[in-house]
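Residue numbers (my numbering), protein chains in the order written: chain G, 1286 to 1743; chain L, 1286 to 1743.
These are calculated hints, taken from the structure and not from any lab test. Check before you lean on any hint, since a few could be wrong.
The list treats identical chains as one, so a pair stands whether inside a single copy or across any two.
Unchecked claim - Below, a list of computed lysine to aspartate or glutamate pairs in the EDC-like style, where the Cα atoms sit at most 20 Å apart:
| hint | residue 1 | residue 2 |
| --- | --- | --- |
| 1 | LYS1725 | ASP1455 |
| 2 | LYS1678 | ASP1641 |
| 3 | LYS1342 | ASP1715 |
| 4 | LYS1494 | ASP1444 |
| 5 | LYS1342 | GLU1293 |
| 6 | LYS1725 | ASP1715 |
| 7 | LYS1379 | GLU1400 |
| 8 | LYS1611 | ASP1669 |
Number of protein chains: 2
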Amino acid sequence: MSIEHAVEKLQVLLGARLSLNNSDLELHGRSETYHAPANPDAVAFPRNTEEVSALVKICADEHCPVIGFGVGTSLEGQTQAPLGGISVDFREMKAIRTLRQEDMDATVEPGLTREELNDELRATGLFFPVDPGANATLGGMAATRASGTTAVRYGTMRDNVLGLEVVLADGRIIRTGTRARKSAAGYDLTALMIGSEGTLGLITALDLKLQGQPEAVTAAICAFESIDAAVSCVIETIQLGLSMARIEFVDTASVAAFNKQSKAGMPEMPHLLLEFHGTETGVSEMAAVFGDIAADHGGLGFEWATKREDRDALWHMRHNAFYAIKQSRPGCLSIVTDICVPISRLADAVNETIADLAASGLSGPILGHVGDGNFHAILLVDPDSPQELNSAKLASERMVKRALAMGGTATGEHGIGIGKLPFMTAEHGDGWEVMGDIKKALDPLNIMNPGKLVPPSN
Amino acid sequence: MSIEHAVEKLQVLLGARLSLNNSDLELHGRSETYHAPANPDAVAFPRNTEEVSALVKICADEHCPVIGFGVGTSLEGQTQAPLGGISVDFREMKAIRTLRQEDMDATVEPGLTREELNDELRATGLFFPVDPGANATLGGMAATRASGTTAVRYGTMRDNVLGLEVVLADGRIIRTGTRARKSAAGYDLTALMIGSEGTLGLITALDLKLQGQPEAVTAAICAFESIDAAVSCVIETIQLGLSMARIEFVDTASVAAFNKQSKAGMPEMPHLLLEFHGTETGVSEMAAVFGDIAADHGGLGFEWATKREDRDALWHMRHNAFYAIKQSRPGCLSIVTDICVPISRLADAVNETIADLAASGLSGPILGHVGDGNFHAILLVDPDSPQELNSAKLASERMVKRALAMGGTATGEHGIGIGKLPFMTAEHGDGWEVMGDIKKALDPLNIMNPGKLVPPSN
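So here's chain G without its partners, still in its complex pose (with noise of 0.2 Å):
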């Protein structure tokens, strides 16, 4: 039994979809942070679920370790291989494989990016919600249970898959759920398998809900005097139950960062961007009352906009400025951080984060999904500093202990991987020997994705 042995059949039955080339295993092996690469043996390129289960068979008679890939956007190092083996792209399982308008359901494959689903979709007058920024697999989103921007409305992956055939670590493949919108019938399969990383199964289909594609879409962005301001804005707004498609928080130093990218000249405050869905009067009337509320709290040089194009003007800061705080500093690491807090502590928790990231002399923008309590500091590092990045560590493992003490959790959409492990404990307490006594019951041998998620000694 070895990996070597494994890699020999997989020749068998893949062929040259099977790739020991050098330039793929660094690309499966890399990181999107900070993560040190860790290359898988070879790539597996199946093209359907009975090949991925012909794969994983093989790997579990040679006890070999199986990573799944989708474009490898994962941040806390989900995808690379510490312990060697395969990992199997989805690239060439991207088929939607039936669409069901009058259920406003289909069932994808994994390899399929949510982009290109949409694309798809387009003419039919549906669409899927679940925007993370990056243009993800669904295999992935629904591996590491990612939200995103929309999931205030929306809600995340968790809300958005129906069902899935998942190829087990046997090689066995089952169905979890159905079609129907609800069901009782036993253990929530498909929960379990939303956000497990991998270390359970190969998601080989999913069947997504979507959604009608809304009548009209507003935009707005308001500055504020301080992050108490906007905060209090974000946490009556949600009080007040105005249905918010996206509520977006970006800070002082994001806004910064993108006018040194883009030259935009925007009033380098804390800013909240927000889009409503709805019917033309409904949004136009959210916008207003959300314009009022913003009014009280202090907002400045409120501006709405219906037109496509005007919408994008003024999401364009938004959806660039995780590029524009890379290149603020050019060169460097960055350590992403992910905390959740309930609404009532997000102002606390940003402030004291940007506290802690003064006193400690690290760069780190925060911008984040406020609506959901989740935000990020993208940690800026040089990555020839071995000081500066036990230092940004430190920040975020701190950041984290201050998300749980305020009820919150250590990552609110990028999952654990490498990343987060050393907080599972502090996280779940005995819950994480749980997670472990699961990952054994369904993956005695350990080769589904080892070395993430679940207690070391699995």
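Keeping the supplied structure of chain G fixed, place chain L upon it in accordance with the hints.
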């Protein structure tokens, strides 16, 4: 090791709060529907989580079954004790531990009922939306993944619980989830516990999401010439994205049962009943739009009402339908079916069910939560006729097979218990074995509600 020893030890732990009284045993061994009674050996009334933990530890030491009990409104025999053991009645654990208005959430104990919670919330402007009809406990509702009339707008228990406190099968106490609105921190143990029917642990506290009380509520009712017309109206309403808080269907037989009971003289035709939540103008607009859609489908006698007493009058029939149907045949037993199908198949599912019941000579009025594709035929059976009971069971079985063939589920909201065990393989295939593996991992002694939900080998 024996149940007898467990009872002795529990008498020391709980004193008079362990009952061996026959009427208590019978109350906790009976079912709301057709399942034969199966009494526990004793009924425990713990007062806090630590007592529940101590109780479970004793039962683990003695390999004694432990069955959670709320108010006994489950319909598939979930609270019965086919292997004896201890029924854990949560009536002394009904505190609201914490109410956080700013975060719109509350931590409550499992014995609190949904009506008790909403009574407490009335003055706060908040409410808990899940409404399964019965005044069930919140612990029981989470354990069976309850939903009901409002799921089309607010979701099921799965969507309205942020986290749980759970006593595991070895007595350890864990917290699942956090109070953050979303998290990607590992396996979704909250979702795993919701719908697990007490087979993985006992829920001792729930963090619930609350909603703002709507500014305005409007109810509407409309009769239709045919089921197809009513269901086509539902489909169009959903596809238009009209945000209904409830959309309920009752068939001609249900209306007839209600007329017989109340002399209301309603037209004996299929009806839809709806409720809209929103702003004053919003709900009026929605009711008007629905009225237009209903008219397009030949809807008759469309009425809508905004005042509370008028709304209550419109909803009176739906609220009383279950009992009116049961009273339409005094002394009968009921088999309450619970299939849920994709919305495009709803008219087929209802029509085929009505034809099947007629051909079988069975009485089975139909009502349901049609916005989710979920409906119930209430099969009324003479308890002294084994032949009729058998015929009803076979009809129920055919309904489930029909639902599965349409991409639906055997149970939209009532759960598995004992009653739906025969359909788990057909619905889940090897997925049911996976549920069994999880059960074995978390409850290796099989003491938590044995005989329910998972494969019998467990």
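Within a copy, between copies, both or neither: where do LYS1342 and GLU1293 come within 20 Å Cα-Cα? within (14 Å within a copy, 50 Å between copies)
Up to 20 Å CA-CA - GLU1400 versus LYS1379, copy category: Answer is within; shortest intra-copy Cα gap is 12 Å, inter-copy 47 Å.
Which holds for LYS1725 with ASP1715 at a C-alpha limit of 20 Å: within a copy, between copies, both or neither? both (15 Å within a copy, 17 Å between copies)
Give the relationship of LYS1342 and ASP1715 under a CA distance limit of 20 Å: within one copy only, between copies only, both, or neither. This pair counts as between: shortest inter-copy Cα distance 16 Å, intra-copy 32 Å.
Measure nothing new, just compare the shortest in-copy and cross-copy C-alpha distances for LYS1494 and ASP1444 to 20 Å and report within, between, both or neither. both (8 Å within a copy, 15 Å between copies)
As a check of your reading, is LYS1678 near ASP1641 (CA-CA no more than 20 Å) within one copy, between copies, both or neither? within (13 Å within a copy, 65 Å between copies)
Between the shortest in-copy and the shortest cross-copy C-alpha distance, which are at most 20 Å for LYS1611 and ASP1669: within, between, both, or neither? Answer is within; shortest intra-copy Cα gap is 16 Å, inter-copy 76 Å.
Should LYS1725 paired with ASP1455 be assigned to within, between, both, or neither, using CA atoms and 20 Å as the limit? Intra 13 Å, inter 18 Å, cutoff 20 Å: intra and inter.
Going through the hint list in order, the structure satisfies each hint without exception.
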